[in-house]
Amino acid sequence: MGLSTESAAQQHSGLVDPERFRSVMSHFASGVTIITTRHEGIDYGLTANAVSSLSRNPPMLLICVNKASNTHKAIAQSQVFAVNILQEHQSKEAQEFAQSQPNKFSGMRFWYGELGAPLLSDALATIECRVTEEITGGTHSVFLAEVQSAQAIEGMPLTYYRGKMGRLTDLRRQNAMSLWREMQWEDAS
Numbered sequence: 001m002g003l004s005t006e007s008a009a010q011q012h013s014g015l016v017d018p019e020r021f022r023s024v025m026s027h028f029a030s031g032v033t034i035i036t037t038r039h040e041g042i043d044y045g046l047t048a049n050a051v052s053s054l055s056r057n058p059p060m061l062l063i064c065v066n067k068a069s070n071t072h073k074a075i076a077q078s079q080v081f082a083v084n085i086l087q088e089h090q091s092k093e094a095q096e097f098a099q100s101q102p103n104k105f106s107g108m109r110f111w112y113g114e115l116g117a118p119l120l121s122d123a124l125a126t127i128e129c130r131v132t133e134e135i136t137g138g139t140h141s142v143f144l145a146e147v148q149s150a151q152a153i154e155g156m157p158l159t160y161y162r163g164k165m166g167r168l169t170d171l172r173r174q175n176a177m178s179l180w181r182e183m184q185w186e187d188a189s
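Per full-length UniProt numbering, the very first residue in the sequence shown carries number 1; after that it's consecutive.
These are computed hints drawn from the structure, not numbers from a lab.
The reader is advised that the hints may include incorrect statements.
[To be verified] In silico SDA-like links for lysine to any residue, alpha-carbon gap of 20 Å or less:
(1) Lys67 - Ser52
(2) Lys92 - Gly31
(3) Lys164 - Ser121
(4) Lys73 - Ala98
(5) Lys92 - Met156
(6) Lys92 - Asn103
(7) Lys67 - His89
(8) Lys73 - Asp122
(9) Lys67 - Lys92
(10) Lys67 - Pro102
(11) Lys67 - Ser106
(12) Lys92 - Arg162
(13) Lys92 - Ser121
(14) Lys92 - Met108
(15) Lys164 - Glu19
(16) Lys92 - Ala50
(17) Lys164 - Glu40
(18) Lys164 - His27
(19) Lys73 - Glu134
(20) Lys67 - Met156
(21) Lys67 - Val51
(22) Lys67 - His27
(23) Lys164 - Lys73
(24) Lys92 - Ser106
(25) Lys73 - Val142
(26) Lys73 - Asp43
(27) Lys73 - Met156
Go ahead and model the full structure; you've got the sequences and the hints to work with.
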């Protein structure tokens with residue numbers, strides 16, 4: 001039997017409101033990645049910004065993936081994934097992989113890496129990983145993984161800041177304009 005909304009709220013009393021938490025965390029700028037894997041002949045992928053290096057020796061990283069996604073299930077079963085760090089012009093790809101739809105790879109240029117995960121041809125960097133541990137936290141799993149291969153090209157990253165994807169300079173300009181508008185609004189009142 002599931003918890004009612006009220007009892008779930010009571011269980012988590014004392015914690016910050018989830019929407020406030022999301023708003024505050026949007027102030028943390030990050031890169032944008034597409035996490036990919038292949039399991040039983042099917043390619044899976046999703047857009048993620050919850051990616052972090054974990055250890056230099058041995059080389060390890062972690063990703064956070066929503067347990068409700070098909071990609072989560074495929075990573076948990078295959079025990080391998082790739083992190084494709086996107087270039088500043090790849091917001092369309094990021095938006096496509098953020099959707100729950102079949103055939104995300106249709107029209108994409110990619111190849112299969114050493115571990116079998118799809119690697120995007122135009123990615124700024126690709127990192128192939130083998131899962132060493134899965135930790136559950138709320139709605140997501142944290143996959144700890146050892147890095148098996150990594151390569152990068154020259155370029156600028158696609159960034160995510162305050163709910164928007166873009167280039168570093170564009171995001172700074174957009175947020176400066178938003179701040180200016182807020183200041184004008186406050187002066188008028």
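Which of the listed hints are not met by the structure?
-> As far as the earlier hints go, 3, 7, 8, 9, 11, 17, 20, 22, 23, 27 are violated by this structure, in ascending order.
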